[in-house]
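Engineer: Sequence:
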Amino acid sequence: AFAGAQAGKRFEDPENLSFSDTFENVRLGGYIPEEAVKDMDIDGVDVEIVYPSLGLMLYRVQDSELLTALCKTYNDWTADFCSANPKRLKGIAMLNLDNIEVGVKELERCAKMGFIGAMITDYPVEKKRYFLPEYYVLWAAAQDLDMPLSLNGATNGGGPDPS
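Residue numbers for the sequence shown follow the numbering used here, beginning at 75 and rising by one.
It is worth saying that the hints were derived from the structure and are not from the lab.
This one's a predicted model, so the numbers in the text were calculated from it and none came from an experiment.
Calculated cross-link-like contacts (lysine-lysine; reagent style BS3-like; alpha-carbon spacing at most 27 Å):
{"#": "1", "residue 1": "K186", "residue 2": "K164"}
{"#": "2", "residue 1": "K146", "residue 2": "K161"}
{"#": "3", "residue 1": "K146", "residue 2": "K201"}
{"#": "4", "residue 1": "K179", "residue 2": "K161"}
Please work from the sequences and hints to get the whole structure.
Structural biologist: See the structure below:
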């Protein structure tokens, strides 16, 4: 199933709207930025915040180096997508904080690429919880870069089941 099945359908029958569909049925605006802007116009949307959506599941990848590479690849793709219309398409980056220094560098890189915030896992690796002082550098960087950090329950990759 693919996200993006609702784009451009704001005024259609709510009973027939779906959050997912097969790739063939997803509107072009789900992956072509110029088409996304057309769908935004149909729906009366001025600015779209591009969140990872299905990318949130990547936080379940246990190989930290692979997860870092996946986040960077997602961020590169999203930056390219949003560059088609940077006034109307605003990206949220994905960060892997298993190595906080690497995560901060990626946050800085994403800020330079025009992202307006970043997603972090809702449950970091054992013995590296967010209240620890080692995260101060991340919180400071996010504040200095004016990059809000958001969390989503779907990002739970290393901790106990939040349910």
